[in-house]
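Construct the entire structure; sequences and hints are all you get.
Residue strings, one per chain:
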Amino acid sequence: MDKLKINIGNLSLKNPVMTASGTFGYGKEYVDFIDLSQLGGICVKGTTLHDRQGNDYPRMAETPAGMLNAVGLQNKGVDYFVSDIYPEIKDFDTHIIVNVSGSTIEDYAECASRLNHLDKVPGIELNISCPNVKEGGMAFGTSACSAADVVRAVRKVYDKTLIVKLSPNVTDITEIARAAESEGADAVSLINTLLGMAIDINKQKPILSTVTGGLSGPCVKPIALRMVWQTYNAVKIPVIGMGGISSWQDAIEFILAGSSAIQIGTYNFIDPTISIKVLEGIKNYMDQYNIADIKDLVGQLKV
Amino acid sequence: MDKLKINIGNLSLKNPVMTASGTFGYGKEYVDFIDLSQLGGICVKGTTLHDRQGNDYPRMAETPAGMLNAVGLQNKGVDYFVSDIYPEIKDFDTHIIVNVSGSTIEDYAECASRLNHLDKVPGIELNISCPNVKEGGMAFGTSACSAADVVRAVRKVYDKTLIVKLSPNVTDITEIARAAESEGADAVSLINTLLGMAIDINKQKPILSTVTGGLSGPCVKPIALRMVWQTYNAVKIPVIGMGGISSWQDAIEFILAGSSAIQIGTYNFIDPTISIKVLEGIKNYMDQYNIADIKDLVGQLKV
Amino acid sequence: MKKMLDLIIVDNDQLNQNYILLKLSTTDGTILPDMYPGQFVEVHVADSPTTFLRRPISVNYIDKSKNELWLLIQKIGDGTRRMAEYKKGDIVNLLLPLGNSFTTPEHTDSEVLLIGGGVGTAPMLYLGAELKEKGFKPNFLLGARSSADLLQLDEFAKYGEVYTTTEDGSHGEQGYVTNHSVLEEKNFSHIFTCGPKPMMMAVANYAHKKQINCEVSLENTMACGFGVCLCCIENTKRGNICVCTEGPVFNIKELKWIN
Amino acid sequence: MKKMLDLIIVDNDQLNQNYILLKLSTTDGTILPDMYPGQFVEVHVADSPTTFLRRPISVNYIDKSKNELWLLIQKIGDGTRRMAEYKKGDIVNLLLPLGNSFTTPEHTDSEVLLIGGGVGTAPMLYLGAELKEKGFKPNFLLGARSSADLLQLDEFAKYGEVYTTTEDGSHGEQGYVTNHSVLEEKNFSHIFTCGPKPMMMAVANYAHKKQINCEVSLENTMACGFGVCLCCIENTKRGNICVCTEGPVFNIKELKWIN
Ligand SMILES: Cc1cc2nc3c(=O)[nH]c(=O)nc-3n(C[C@H](O)[C@H](O)[C@H](O)COP(=O)(O)OP(=O)(O)OC[C@H]3O[C@@H](n4cnc5c(N)ncnc54)[C@H](O)[C@@H]3O)c2cc1C
Ligand SMILES: Cc1cc2nc3c(=O)[nH]c(=O)nc-3n(C[C@H](O)[C@H](O)[C@H](O)COP(=O)(O)OP(=O)(O)OC[C@H]3O[C@@H](n4cnc5c(N)ncnc54)[C@H](O)[C@@H]3O)c2cc1C
Ligand SMILES: Cc1cc2nc3c(=O)[nH]c(=O)nc-3n(C[C@H](O)[C@H](O)[C@H](O)COP(=O)(O)O)c2cc1C
Ligand SMILES: Cc1cc2nc3c(=O)[nH]c(=O)nc-3n(C[C@H](O)[C@H](O)[C@H](O)COP(=O)(O)O)c2cc1C
Ligand code: FES
Ligand code: FES
Numbered sequence: 001m002d003k004l005k006i007n008i009g010n011l012s013l014k015n016p017v018m019t020a021s022g023t024f025g026y027g028k029e030y031v032d033f034i035d036l037s038q039l040g041g042i043c044v045k046g047t048t049l050h051d052r053q054g055n056d057y058p059r060m061a062e063t064p065a066g067m068l069n070a071v072g073l074q075n076k077g078v079d080y081f082v083s084d085i086y087p088e089i090k091d092f093d094t095h096i097i098v099n100v101s102g103s104t105i106e107d108y109a110e111c112a113s114r115l116n117h118l119d120k121v122p123g124i125e126l127n128i129s130c131p132n133v134k135e136g137g138m139a140f141g142t143s144a145c146s147a148a149d150v151v152r153a154v155r156k157v158y159d160k161t162l163i164v165k166l167s168p169n170v171t172d173i174t175e176i177a178r179a180a181e182s183e184g185a186d187a188v189s190l191i192n193t194l195l196g197m198a199i200d201i202n203k204q205k206p207i208l209s210t211v212t213g214g215l216s217g218p219c220v221k222p223i224a225l226r227m228v229w230q231t232y233n234a235v236k237i238p239v240i241g242m243g244g245i246s247s248w249q250d251a252i253e254f255i256l257a258g259s260s261a262i263q264i265g266t267y268n269f270i271d272p273t274i275s276i277k278v279l280e281g282i283k284n285y286m287d288q289y290n291i292a293d294i295k296d297l298v299g300q301l302k303v
Numbered sequence: 001m002d003k004l005k006i007n008i009g010n011l012s013l014k015n016p017v018m019t020a021s022g023t024f025g026y027g028k029e030y031v032d033f034i035d036l037s038q039l040g041g042i043c044v045k046g047t048t049l050h051d052r053q054g055n056d057y058p059r060m061a062e063t064p065a066g067m068l069n070a071v072g073l074q075n076k077g078v079d080y081f082v083s084d085i086y087p088e089i090k091d092f093d094t095h096i097i098v099n100v101s102g103s104t105i106e107d108y109a110e111c112a113s114r115l116n117h118l119d120k121v122p123g124i125e126l127n128i129s130c131p132n133v134k135e136g137g138m139a140f141g142t143s144a145c146s147a148a149d150v151v152r153a154v155r156k157v158y159d160k161t162l163i164v165k166l167s168p169n170v171t172d173i174t175e176i177a178r179a180a181e182s183e184g185a186d187a188v189s190l191i192n193t194l195l196g197m198a199i200d201i202n203k204q205k206p207i208l209s210t211v212t213g214g215l216s217g218p219c220v221k222p223i224a225l226r227m228v229w230q231t232y233n234a235v236k237i238p239v240i241g242m243g244g245i246s247s248w249q250d251a252i253e254f255i256l257a258g259s260s261a262i263q264i265g266t267y268n269f270i271d272p273t274i275s276i277k278v279l280e281g282i283k284n285y286m287d288q289y290n291i292a293d294i295k296d297l298v299g300q301l302k303v
Numbered sequence: 001m002k003k004m005l006d007l008i009i010v011d012n013d014q015l016n017q018n019y020i021l022l023k024l025s026t027t028d029g030t031i032l033p034d035m036y037p038g039q040f041v042e043v044h045v046a047d048s049p050t051t052f053l054r055r056p057i058s059v060n061y062i063d064k065s066k067n068e069l070w071l072l073i074q075k076i077g078d079g080t081r082r083m084a085e086y087k088k089g090d091i092v093n094l095l096l097p098l099g100n101s102f103t104t105p106e107h108t109d110s111e112v113l114l115i116g117g118g119v120g121t122a123p124m125l126y127l128g129a130e131l132k133e134k135g136f137k138p139n140f141l142l143g144a145r146s147s148a149d150l151l152q153l154d155e156f157a158k159y160g161e162v163y164t165t166t167e168d169g170s171h172g173e174q175g176y177v178t179n180h181s182v183l184e185e186k187n188f189s190h191i192f193t194c195g196p197k198p199m200m201m202a203v204a205n206y207a208h209k210k211q212i213n214c215e216v217s218l219e220n221t222m223a224c225g226f227g228v229c230l231c232c233i234e235n236t237k238r239g240n241i242c243v244c245t246e247g248p249v250f251n252i253k254e255l256k257w258i259n
Numbered sequence: 001m002k003k004m005l006d007l008i009i010v011d012n013d014q015l016n017q018n019y020i021l022l023k024l025s026t027t028d029g030t031i032l033p034d035m036y037p038g039q040f041v042e043v044h045v046a047d048s049p050t051t052f053l054r055r056p057i058s059v060n061y062i063d064k065s066k067n068e069l070w071l072l073i074q075k076i077g078d079g080t081r082r083m084a085e086y087k088k089g090d091i092v093n094l095l096l097p098l099g100n101s102f103t104t105p106e107h108t109d110s111e112v113l114l115i116g117g118g119v120g121t122a123p124m125l126y127l128g129a130e131l132k133e134k135g136f137k138p139n140f141l142l143g144a145r146s147s148a149d150l151l152q153l154d155e156f157a158k159y160g161e162v163y164t165t166t167e168d169g170s171h172g173e174q175g176y177v178t179n180h181s182v183l184e185e186k187n188f189s190h191i192f193t194c195g196p197k198p199m200m201m202a203v204a205n206y207a208h209k210k211q212i213n214c215e216v217s218l219e220n221t222m223a224c225g226f227g228v229c230l231c232c233i234e235n236t237k238r239g240n241i242c243v244c245t246e247g248p249v250f251n252i253k254e255l256k257w258i259n
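Protein chains in written order, with the UniProt record's numbering: chain A, 1 to 303; chain B, 1 to 303; chain C, 1 to 259; chain D, 1 to 259.
These aren't lab readings, by the way, just hints derived from the structure by calculation.
These numbers were taken from a predicted model, which means no experiment stands behind them.
Just to be clear, a hint being listed does not mean it is correct.
[Said to hold, decoys possible] Cβ-Cβ distance ranges computed for the label pairs, FRET-style:
#1 ASN202(A) x ALA46(C): 26 to 32 angstroms
#2 PRO87(B) x LYS87(D): 47 to 53 angstroms
#3 LYS3(A) x PRO196(D): 30 to 36 angstroms
[Stated by the list, open to error] Not everything, but these chain B residues come out facing chain D in the computed CB check (under 8 angstroms):
#4 GLN53
#5 PRO58
#6 MET60
#7 GLU62
#8 MET67
#9 ASN69
#10 THR273
[Said to hold, decoys possible] Chain A side only, calculated, beta carbon under 7 angstroms to chain C, not exhaustive:
#11 GLY54
#12 MET67
#13 ASN69
#14 VAL71
We put the CB at the ideal spot given by N, CA and C, even for glycine.
Structure below.
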């Protein structure tokens, strides 16, 4: 199994298959379906300093080969996570990464610092790209300057592996990636959701309570893949790729484009066992092509 | 039929249903399938000052609910259009809009000026958003400043209706739209294709000869709709909406979001009669909801 | 324990042009997982290009003797229309069982009323059957637009008294379920209901006024069905909570519905 | 004139596990539009979520007496696999006829050779049948990996002499079509070919060396099939031109293949 091992900063994953924040709960919702210990890692639900009720209903719209969501980071806050959720999940035999969000730089930093001491949380993923919250969120991720500010603040208070999750709603994602890198991020992950919209033509109203929401699922895969490839060619830190992965073939595409690890999001809803299938598929592919180490695949696209 | 009439600058369209550049040839390829005189307008293939061979094969990859293309503006140049194609299509009883592209500002302007005198071409669509050419193209469309430069140069030499086609590969599309508006564009059309990528995992090579290409089809609809809505709220000139329209319901969504007219692109490949079906559907919808004038639907989303 | 299972279509009964009844069983004869009234399944509609997400469908009935799961389906859009085309022998992938279930009253002599509206009658059949099996004498009050939308009446009759209303008067009393005379005639201690939201709200208000214990089964837009996407919330007295895991069955006391 | 038509499946013949032969006709008995050898159709695979674009398939044969269009299909990916499941009575939407066609030689006493490789034999059947009808005596040279991939041999035999090669020697001569002894034995004036690109290139080179008039039918990635997307180009001596309208049949003189 060592041939699947991959490092993200100081963090060593047993394999490159992770699950994406906001689509995998806290992992425990999946124990009926799969053996979590097979996963490289789990990014748990977006966590903020304070409790958030999230957006109003409706929060979801189905779209061609994808969906829009407007959850808006509903969560009970970092302290609740530490006191009530962490104890329940800390013994999973996989890496738990907490996805951290905020409305202000101070919130981000404070939230991150409260996670710093958790033994079984070896890293956080800084969500500077959530399109579903009014203040902050995506705004931080759409300018290199404010992205740098957040990363710098968090880096100061957070010692372990720091992954910065990038927004695809930008002209040049490599700019933001480089900003994160230069402020000490250990890795970047991409993409978060694309800002989209859907309309109920009978009610003549937006379907989502928030008018716009975040697009995910297979429909975004070509865009995500392009951004991973661009970012891989722009930074030295590892890239964690995601966006529309629904099969092991998709995962191989992302790895070839430069992803050291991949995350599976929306497709967990359609097939809660998909992560394991993707892992199996990667193994078989490596056998078929005689690839001794997954690292020999990362970014090996011939252009 | 007057209730379907819509104005774009000085141009009066008999109805809001147009076909998108690069997906409808010069119209004549569709005469076996539909009656062109029913269409509000036809945007013909991207035209450049000089003859272009376009990109190498392969130029296409199928993606979930969409496709990537890397045609690269293959065309025989504006003079050939004027001498050989125009005479063949000028008597179609619909409006022919020529989509104009270039690598330099001078090229754009020169190409536009050579179309100025064509009686039966009442307008051009300035493509500052093509992702498939090395120089120029999308570059002009991803900064407000260079977009303004092109529009200004073309506006000087082109008297008739000037539509500026925007790129979705930007952080804030309204910035570019406002730049076009302030330089005298009569309308903006959006979206062009999103930059994407696909990989052949057996060859470990990009599927497209150009590595990346332009994504279109139903998969992009939520993004396009969101951008139309944002742009409609940012400019006073008419917005022509497109991106993934595959049914009359989609077209109504775009109109409610603020499109004065809509264009149908990729779906013409799947159903060459789709434009007529969309038109019929719009008519029925207006009857059903007692809408006396299509203008009363444009941007009428209740938020 | 939730499972992802491939089940086989044993029967597709076209009840009328809008409704079908699918009967599914395991492919290898293993016993179906335990499912309780009010729970639902998430159906993967594999061959509909426009149906990306799974579709939530209530457990209509479990025929334990035949090891069959019944799903009563109304044709709404592409997903349900495709399901309506399933043929005997087709394989369908399901997540099940999902959600909570109705609460069995403590005393079997409680007068229980099960109110279903439209396709919302679906979970009431299984609930009624289970209540009867436990010794209750369920009453069913089924409402619909017209008699064509009143489904499975013979099935319901097996488990209790059946009352009906139709908006056009084509079956039972004319009007809405909340106007049915049985509400005056009998003294109910428990009401269980599923149907269109306006109907359930009317029922909830009625039950509240009469101080009848009342549980409603909510429908909602769902992306996952098992508590991870947080898309299916109901804004309850406890805040925004997921209908798919903390529901679909709620006691009206938890909801902000009563005015 | 190109048409978009709903045709009905009259027969789906599972030739073996990799190939099927679909027979389609009009739903109302109207005569099928004229189609010529080398032309193709674009099939809309309506119920495969992963198949967005139409799929180009060659006209395999037109049975004029029965008003049938035949399509010979190799199962490759989701689209063709779904087509392989079509049942008698299913309706399929097609664009047709598309593309140019093979050129009929001027003199019926010309010695014509039709070379097909793999599923590329598909258009050769109709071409052979038409040539025979016009008074030619076609020779067929069909190559495949093994005998299981040699299809419709009985059909071909109706219209001319059939020679075969297989890579494993399980049928006809062992090796590639370009090594078949008939190439030495007979003096061909015209070669028509369709199959995998390496095979066609070998045939083209052979024909060029022997100064035999040669037409090849190209396959290519297509988005539209009727000349509007400009995705299906071949870089010919005349520049980048569309395979779907100016082809799929090209005289090798136009191509940049010969080295
Ligand atoms: C817990 C739960 C249990 C359910 N049980 C059943 C059941 O037993 N039998 C059954 O037939 N249906 C049931 N439903 C409803 C069923 O899930 C939807 O009808 C189905 O998802 C529609 O899918 P579609 O692809 O056919 O239509 P879509 O294409 O998704 O929708 C078509 C149109 O109908 C609207 N629509 C979609 N879903 C609903 C809805 N739930 N209510 C009202 N309008 C809607 C959409 O907005 C759209 O305009 C249940 C729903 C939930 C949440
Ligand atoms: C003019 C023309 C005529 C054709 N005639 C026939 C015919 O008569 N019978 C027939 O069976 N097929 C024919 N084909 C090929 C047929 O169109 C493809 O096999 C089909 O589109 C594959 O669709 P799919 O969804 O099954 O596979 P996809 O999912 O599209 O592809 C599966 C895999 O096969 C590869 N692939 C796709 N298309 C081709 C191809 N054309 N050649 C090689 N690899 C490919 C893809 O890259 C992918 O890796 C023809 C093609 C053209 C252009
Ligand atoms: C319902 C839903 C909720 C999400 N919540 C979060 C979140 O809290 N934090 C975050 O960084 N990303 C969140 N995402 C984004 C995903 O983690 C992922 O970046 C995105 O969905 C693209 O991957 P996919 O196409 O595989 O889903 C959410 C996505 C969905 C669909
Ligand atoms: C094959 C192809 C070629 C295109 N060529 C052009 C072009 O020459 N000029 C242009 O402005 N847009 C071009 N486009 C973009 C379309 O006009 C349209 O903006 C885009 O495809 C989104 O609409 P759709 O999703 O309906 O296709 C092309 C699109 C496709 C698919
Ligand atoms: S549907 Fe996903 S949490 Fe309920
Ligand atoms: S396939 Fe579109 S031009 Fe040939």
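Hints, one by one, checked against the model:
Between ASN202(A) and ALA46(C), the C-beta spacing of about 28 angstroms keeps the proposed range 26 to 32 angstroms intact. The hinted range of 47 to 53 angstroms is satisfied by PRO87(B) and LYS87(D), whose Cβ atoms lie roughly 50 angstroms apart. A C-beta distance of roughly 35 angstroms is found between LYS3(A) and PRO196(D), which places it inside the suggested range of 30 to 36 angstroms. For GLN53(B), the shortest C-beta to C-beta distance to chain D is roughly 5 angstroms, which falls under 8 angstroms, so the interface hint holds.
Of the supplied interface hints, the one on PRO58(B) holds, with its beta-carbon coming within about 5 angstroms of a beta-carbon of chain D, less than 8 angstroms. Interface restraint check: MET60(B) against chain D, minimum CB-CB distance 4 angstroms, threshold 8 angstroms, status holds. Interface restraint check for GLU62(B): the shortest CB-CB distance to chain D comes to about 5 angstroms, inside 8 angstroms, so the restraint holds. Given the 8 angstroms rule on beta carbons, the hint for MET67(B) holds: about 6 angstroms separates it from the nearest Cβ of chain D.
Proximity of ASN69(B) to chain D holds as hinted, the smallest CB-CB distance being about 6 angstroms (cut-off 8 angstroms). For THR273(B), the interface hint holds, the least distance from its beta-carbon to any beta-carbon of chain D being 6 angstroms, beneath 8 angstroms. Using the Cβ-Cβ criterion of 7 angstroms, the hint placing GLY54(A) at the interface with chain C is satisfied: the shortest such distance is roughly 6 angstroms. A least Cβ separation of about 6 angstroms between MET67(A) and chain C falls short of the 7 angstroms threshold, and the interface hint therefore holds.
For the restraint placing ASN69(A) at the interface with chain C, the shortest Cβ-Cβ distance is roughly 6 angstroms, inside the 7 angstroms limit, so the hint holds. With a least beta-carbon distance of about 5 angstroms to chain C, the hint placing VAL71(A) at the interface is held under the 7 angstroms criterion.
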